[in-house]
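**Q** Listed below, chain by chain, are the residues.
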Amino acid sequence: MQTPATSPWKQAIQTGLIAGAIAVLLSLVGMVASFSGRFIVSGVFTMGQVIFLAPILLMSYSVIRRTSPQSPRTVLLTGLLTGVVGGAVLAALVLIGKNINLQAMFVNSSPKLHRILTFDQELVPGLLVLLVLSMVMGALASGIFLLPRRYATAINQALVWVILIGLLRDLILTVTVRWGPLAGLIKLLFAVSGLKPVSAVLLFILIAGLHYWRSGKLAVKQTRVQPKQRPLVRWLTWAGVALLLILLPPILGIFFSDILDTVMMYILMGIGLNIVVGFAGLLDLGYVAFFAIGAYTMGVLTSPELAANPMTYWQALPFAMIACVLAGLILGLPVLKMRGDYLAIVTLGFGEIVRLLALSDWLRPWFGGSQGIQLIAQPKIGGLLLNTQQELYYLFLVGVGIVAFIAWRLRDSRMGRTWMALREDEDVAIAMGINHVATKLMAFATGALFSGIAGTIFAAKLQSVYPHSMQFLVSINVLCLIIIGGMGSIPGVFVGSLALMGSPELLREFAEYRYLVYGILLVVMMLTRPEGLWPDARRRLELHEEELAAKAGDSATESAK
Amino acid sequence: MAILVAKGVTKRFGGLDALSKIDLEVEEKAIYSIIGPNGAGKTTFFNCVTGFYTPEEGELLFEGRNITGLSPDRVTRLGISRTYQNIRLFKNMTSVENILVGMHPHLKTGLIGSVVRDRRSVEEEKSSIEEAKRLLQFVGLKGKGDMMAMNLPYGAQRRLEVARALASKPKLLLLDEPTAGMNPSETQEMVHFIRRLRDEFEITILLIEHQMRVVMSISEKITVLDFGLKIAEGTSTEIQKNAKVIEAYLGRGAASGLGQAQAAA
Chain A
1 MQTPATSPWK
11 QAIQTGLIAG
21 AIAVLLSLVG
31 MVASFSGRFI
41 VSGVFTMGQV
51 IFLAPILLMS
61 YSVIRRTSPQ
71 SPRTVLLTGL
81 LTGVVGGAVL
91 AALVLIGKNI
101 NLQAMFVNSS
111 PKLHRILTFD
121 QELVPGLLVL
131 LVLSMVMGAL
141 ASGIFLLPRR
151 YATAINQALV
161 WVILIGLLRD
171 LILTVTVRWG
181 PLAGLIKLLF
191 AVSGLKPVSA
201 VLLFILIAGL
211 HYWRSGKLAV
221 KQTRVQPKQR
231 PLVRWLTWAG
241 VALLLILLPP
251 ILGIFFSDIL
261 DTVMMYILMG
271 IGLNIVVGFA
281 GLLDLGYVAF
291 FAIGAYTMGV
301 LTSPELAANP
311 MTYWQALPFA
321 MIACVLAGLI
331 LGLPVLKMRG
341 DYLAIVTLGF
351 GEIVRLLALS
361 DWLRPWFGGS
371 QGIQLIAQPK
381 IGGLLLNTQQ
391 ELYYLFLVGV
401 GIVAFIAWRL
411 RDSRMGRTWM
421 ALREDEDVAI
431 AMGINHVATK
441 LMAFATGALF
451 SGIAGTIFAA
461 KLQSVYPHSM
471 QFLVSINVLC
481 LIIIGGMGSI
491 PGVFVGSLAL
501 MGSPELLREF
511 AEYRYLVYGI
521 LLVVMMLTRP
531 EGLWPDARRR
541 LELHEEELAA
551 KAGDSATESA
561 K
Chain B
1001 MAILVAKGVT
1011 KRFGGLDALS
1021 KIDLEVEEKA
1031 IYSIIGPNGA
1041 GKTTFFNCVT
1051 GFYTPEEGEL
1061 LFEGRNITGL
1071 SPDRVTRLGI
1081 SRTYQNIRLF
1091 KNMTSVENIL
1101 VGMHPHLKTG
1111 LIGSVVRDRR
1121 SVEEEKSSIE
1131 EAKRLLQFVG
1141 LKGKGDMMAM
1151 NLPYGAQRRL
1161 EVARALASKP
1171 KLLLLDEPTA
1181 GMNPSETQEM
1191 VHFIRRLRDE
1201 FEITILLIEH
1211 QMRVVMSISE
1221 KITVLDFGLK
1231 IAEGTSTEIQ
1241 KNAKVIEAYL
1251 GRGAASGLGQ
1261 AQAAA
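So the sequences go chain by chain: A and B.
Mapping to the numbering used here: the first sequence position 436 is 436, numbers consecutive.
Take any residue in the second sequence, note its place counting from 1, add 1000, and you have its number in the numbering used here.
Subject to a maximum C-alpha distance of 25 Å in a straight line, what follows is the list of computed DMTMM-like cross-link-like pairs (lysine to aspartate or glutamate): (1) Lys1144/B with Glu1131/B; (2) Lys1142/B with Asp536/A; (3) Lys1133/B with Asp412/A.
Quick caveat, the hints were computed from the structure, so don't treat them as lab data.
Chain B extracted, bound-state conformation (with noise of 0.2 Å):
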């Protein structure tokens, strides 16, 4: 059963059609990716489902509930969570702290619980650093939960990213290019994360990439958009194939070029 289903959205900026007819279905429990050029509407398809941008046409279904339009914090509760291209921790807190701001639509203490401390919101909280300190765990920052967000490397702050995402319980995680920035060796590491993930807490996840090795290797479904269009969709031989998306990513020249070369051999 497709968990995510796009139908026709659309989203323009002025003139530009940032995003236009664009249908897709993530089935559940699935790796899937979204991949394009630069500019190709892949970021602005992620804040379309997150809530962060309102599609001027189309739908959008969350297991089969119309989620157009809903507003962030009301997408995030219905079981959706991201991370961010550039990431976007909250760089002035602790680990603990970003993960536990992660956790909020679950938590119930309020300011009367927060001044009195009173038994169910002391036992909310601890509880809660637990559930915290076992996710620091999962994505390898055992022991950093007191440093800041901002003290930590690169490749953390990816991973502390995750790790605040997941802390929703979502039912489907959002990857906004986690391999950005990384090195081959990192990217490996990455791959295996994200594989980890879906296993572990059973979640779908829905990827941007650049990089097509990361893509061809972990996706079961990919979808190619190219200036707002959707080009392509197919598992990863599928795509490989296709002369619209390597002319897409290298130059029509390119695509006859292999067309040829193709033919010829």
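Next comes chain A alone, as it looks inside the complex (with noise of 0.2 Å):
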């Protein structure tokens, strides 16, 4: 028996409320508007649309989810009904914004906003199809809860394929306008803006038909892979994964690499910060500064402005990491005795005193003050000047290859466990015989370290150094990237810092709302994938060969039956 309290009626029409809500917020804060010139389906729908449909059949499979089981025609109702309430209160935002000037307060309360929302139609006919369409979606969730699972998955990748195929129209054919008769056919899929309607429907269509058909070969598939073909396996993955970044400069084009080298100083420095916050545990707010200080470090070197012999890219760089590991033993030492909290707040003051050091008109002589520094060298190989976006990359992967390695093989290693063990119960740890200073110092160093060579290509791409390009922000994004990414992984730092850096400057309409929609996404991550996008498989020490052996076994005994 269900008590009145969790009725699916009433939860449809709360959780109606709480969608309508979302979606309203969502348009007064601007982004349905700024967003409805991108088309997705030309002349059909925009990312506007999609941004306040979305909460709308989000919401409704929540709530369905949250009230079955139940039988098939109360699952359909119940996404109806979440989908109408959340409709009528998108409809009273429009009735209200129409009748009251709300502009006064909510400045994106516009005539725009309400043509968008009412699909360019008269008011009256305009709110049915905004309230069919909110129906729709509510009927969508259900149908996708209701549908086996291998359906539902090819429904739903497929929808996020194609919204993504269409949002992405000018990367994907940047990309493709060099692949000679395929790129004429890619072309013909899209419109100026967006997919055509046409291509839109066959993309869907193939989309999920792969997706159908793809997902009932893998379950066959999975149990015949012999244990001892893995390594070979693993091994292409990887060189076509290498090969795929050594290739993508010349692919992607000056404007997309300039992004990709943004992505890629990013990941340098998540993964040092993974090293301090999610290894050690350690919780620091003020990782900027240790960029600030490779940065500097490589300016005050090289350029011809401050040093009497400006030294190279590559000779400065030694010092400039020198002076990065230092940083990090000059932080690690006042903080050894804090843990949570204060320590936070002492990163963070570090690293806004490094900035107002920077900035100050009494060291203005050695840093530049407020005017920064220019003219710093570029690094040079042989002959070659690194200076454009595309080069400058291959300098960010070797970085960040070099990076990963040390941060892979110190995860797995007596470092890691002991940065871990302290992690988990310090008290205890220093009882197990770790030297708790040292363990923390060389995490502190070697987080610094790797965000000063960041520091040192970020200097040496812009050939500049400002302040202002040194603030606390920097150290949330990177924050925020681990935590997205995963805590502790190092593939999640490759997923978060192309999530949260490449997005944003992919569509630029977002860059606006970035820290709303990181904020959305730290929530929305926090409640449902606590781990992140890509959680730190722990690494098995103690072998199940037999097991493997016996389950290989096994498939091959049933498979001969």
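From these two lone chains plus the hints, build me the complex, please.
**A** Shown next, in the form of structure tokens:
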């Protein structure tokens, strides 16, 4: 028996109101309007519409999942009810906005928003369209829930991919422009903005079909891979990834390579901070300080404005690295006894101190004050000066490669275990004979070093550094990407950086709402997937070789039957 | 020969004497128990021995060496390790990793070795994992090595904690209420386990216990604490007859009542 409090109808209305409120919020902050120029399917629907319809779809799905098991009819009705309530809230926004001028308080409650929400129709038919579409979202959610898993994932995937392909039209066209006859074909898929309606439908069917087919295949295939073949497969995958990474800049062109540089820079910093926060559990909010120290050391030593005998990039690099390690130790020493919040506050202060010192008039003769440092040397290899975004990408790539390798090796070693033990229970770790002073300092120094390397490349890329590039927000960005990627996970840093740094650059409209999106993403992640997008898979230390062999044997006998 | 000697150990918290003038001698390869009601100072004594606390007065000698006031890691390196009353494993690490951390003082691989993985550090890692697997097998957790410590059942966590303590190759093992929260059959198993521990590793075991049955069956010698004072010392039969002990555990009336009953008998 269902108690009245958990009756599906009541829940549906509640959740519908929440979904509507989210959609209203997104509309009022202006996201809907600013994305309405970006078509996903040309002439049919825009990213703006996705933004206000997606909450209704997602919330409908969540309420259905919460209230199940129910009969299919109830599920469908729950979805429809949630959808219509969500739509009604949006409709109310339009009605209120049309009759009362809300713009004094909510700048974005503009006629443009109302036009978008009523789909360019007259008020009454427009609102009806809105309500019907919201109900369609609810129905879609219940459909996805009711269908067998295989169909549901196929539809999910197809939906997400079509939206992504429509959004990333520019990137896809740039990449494929030199693919000969294929380029022409791909170009045919797209309109001036987004996909053509026909190609959207075709793509949807194609992707859904592919997923359906593959999920059937995969179930059979997984048992068939012999343990012996695995290393080979793994090596081939790695070689493929490496080749792709090397070939990316010429494929992507200058504009997208620039974005890639930013992503790589944050990966470098992310891997460093991951050691401090993810491995050793020391919450460092002033991480940008080491980035600044790396960049400024590079500037001071190589810029003819400041140095009497300017060095080259490679001559200055070791000094910059030493400076960062020392800075890491200097920050580490006073905070050895601090834990948790206290540590976070002190490190935050450290980050600000470094930025303010760089900005100060007092140190202007050395660091250039607010004018920063110009004419910083760029790295030369042989006779080749690395100065374009594409060439500098390789510098980042090598840096990321080395740093990721070191981080990975450290994690799976006595050193990494020491950090983790300290993170888990400091007192016990100390009692086990771990020297917490050396261990913590090592974490700070390693993290600082990696961040500093990112700083030197950053300085070389722009040929200049300014104090205002060293904002507190940089530290927060790096921390966010670690959390979203997965605390303590090295591949997670890559995923997190791509998602948080790549997407706002790719979709300029996002840049304005970057922190709103981060906030939403962080909250949603903490609620639904606190381990991150790509969580850390623990190394198998006690290899179950016998078990694997036994499993392979079982499946062999099964298939023999 | 006594492996651990306490001479007049006193520990104060503010005005409270958590331990006052405790003397005891633990013979080598003995199973020695410290018992007493809640708040008697048993765990405080453990913390003094392992270096978490520094006693205000008195001396602690381990193998004839003064260890009073040494830091916990120094004490561990000398050969004393312990478990905790409320299990304190590294929860988000696997069982094997927990044991490997316990081996820390005996491993040498540093920062460079970890990154480069030269032959010596690879071999050290390999042999230490082998050793960890042996310890897992000893404590009956074979095959659980890749499980996160927090996902192990309660009894297994207790045994993993013992394995971690053994990993530092101690000569003296301090067990803080190893049977806390266990049912009678689990308790019985733990009693056998503790004996096996002493016999196979040839170590001395100092034990804090609440359950009288456990203490009486395995201890060669018992010290009873009450309000920070040592009120009795002896073998289990001696302790069972001691009026002060009965009084501390059951109250004054019970002690006199028991005395009368004995006299009547």
